[in-house]
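Make a model of the complete structure from these sequences and hints.
Number of protein chains: 2
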Amino acid sequence: MSPAPLFAAPSSDHHEQEEGAVLRPRFDAAGLVTAVVTDVASGDLLMVAHMNAEALDRTLATGIAHYWSRSRQALWKKGETSGALQSVAEIRIDCDQDAVWLKVAAAKPDDTCHTGRDTCFYRRVAADGRTLDASPGRDSDAS
Amino acid sequence: MSPAPLFAAPSSDHHEQEEGAVLRPRFDAAGLVTAVVTDVASGDLLMVAHMNAEALDRTLATGIAHYWSRSRQALWKKGETSGALQSVAEIRIDCDQDAVWLKVAAAKPDDTCHTGRDTCFYRRVAADGRTLDASPGRDSDAS
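Chains A and B, in that order, are what the protein sequence lines are. With positions in the first sequence counted from 1, the corresponding number in my numbering is that position plus 1485. With positions in the second sequence counted from 1, the corresponding number in my numbering is that position plus 1485.
No wet-lab data here; the hints were simulated from the structure. Treat the hints with care, as some may be off.
Stated by the list, open to error - Computed footprint of chain A on chain B; a stretch qualifies when at least three of its residues, placed anywhere within it, have a C-beta under 8 angstroms from a C-beta of chain A:
no.	segment
1	1514 to 1524
2	1527 to 1540
3	1566 to 1572
4	1584 to 1598
What the hints assert, rightly or not - To give a feel for the contact side, a few chain B residues facing chain A, derived at Cβ under 8 angstroms:
no.	residue
5	V1507
6	L1545
7	A1546
8	I1576
9	C1580
10	L1617
Using N, Cα and C, we set each Cβ at its ideal position, and we do this for glycine too.
In C-alpha cells:
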C-alpha cells in the first residue's frame, strides 16, 4: 500500500495555482521547494533552506520546522540534536507555489546558523560589490 | 577575448567561504543563486527569485535588481517595461554564499507580484495544512 498523496498536484491552470485555495506545492526537479525563514517577532531573515514533500508534511503536522538537507540528502529536523528547534507560527506560499515563507520562533536564536550566529545572512556585500563586511555587531571573529 | 570573471570562485575551504571577506557566490548546477527580496522600509518579504552571474553583476553595478527568469530563460530587469523597478538598498549573502538577501525600495509596490499584489506571499497555509487563506486584506478577488 502506498500512502495517500500528501498534497494536491500542481495545476497547469495558472488561475488555480495562483488564486486557488488548495495547497499545490510545485516541487522542482529535485523534489524541493525553497523555504524562506524569518523570525516571527523581529521579522529578520534567518535562513534559506529547502523542503521536500516529507519535510513540508512533517512541518505542517508538527508545527516544528523540518527541511531537506541537500548536503546530507536527508530529512533535517532543525535543532533535533542541539535543541535549537523552530516553532512555526505561520506558513505562507507564493504565487506559483514553489516557495514557502515560514515565520518561526527559535528555541535558541544564537544557534540559527551553523556558524554560531542568529542569522545566516551576517555579511553585507560591500560598496565595491566584490568584498564582504560582517554586519555591525555580528562579527563573531571580532568579539 | 573573454571578459574578466565577475566574481571569485567558491572556495573549498569552509572558513574562507563562510568567514572570508571575498564575494564567492556558489551558483548551483543551473548557474543560479536564490534571491530573497524584502522591502527595506517594512521588512516584509516581497518575492523569491534567482540570479545568475550576469544578473548579480548587473544588480551590483547599477543598484537596480536584475534576476534570471527561469521560465523565460533570460535576464530579467524587474520593472523594465512596467516601471516597477526595485532600487537595492543593501545586499547580504548567507554563510555558504548560495543565497542573497536584497533589501529594496520598489518604485511601484503594488506591481511586485505579477498577480497585481505587493507581495508574492499573499496566501497563508490554513490550519488544516492543505488549503490556503488569502492574507487579511490582500484578497484582490474579494475587493
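Hints, one by one, checked against the model:
Counting residues of the segment 1514 to 1524 of chain B whose C-beta lies closer than 8 angstroms to any C-beta of chain A gives 3; at least three are required, and the coverage claim holds. Three residues within the 8 angstroms Cβ limit are the bar, and the segment 1527 to 1540 of chain B against chain A gives 5, so the coverage statement holds. As drawn, the segment 1566 to 1572 of chain B meets chain A at 0 residues by the rule of a beta-carbon pair under 8 angstroms; below three, the given contact is violated. Only when three residues or more bring their CB closer than 8 angstroms to a CB of chain A does the claim for the segment 1584 to 1598 of chain B stand; here the count is 4, and the claim holds.
Because the smallest distance between the Cβ of B/V1507 and any Cβ of chain A comes to about 6 angstroms, under 8 angstroms, the interface hint for this residue holds. Below 8 angstroms, beta-carbon pairs count as interface contacts, and B/L1545 has one with chain A at about 4 angstroms; its hint therefore holds. With a least beta-carbon distance of about 7 angstroms to chain A, the hint placing B/A1546 at the interface is held under the 8 angstroms criterion. Hint status for B/I1576 relative to chain A: holds, with the closest Cβ pair at about 4 angstroms, below 8 angstroms.
Using the Cβ-Cβ criterion of 8 angstroms, the hint placing B/C1580 at the interface with chain A is satisfied: the shortest such distance is roughly 5 angstroms. Given hint, B/L1617 at the interface with chain A, holds; its Cβ is 5 angstroms from that chain's nearest Cβ, closer than 8 angstroms.
Figure legend: structure checked against the earlier numbered hints; the only hint not met is number 3.
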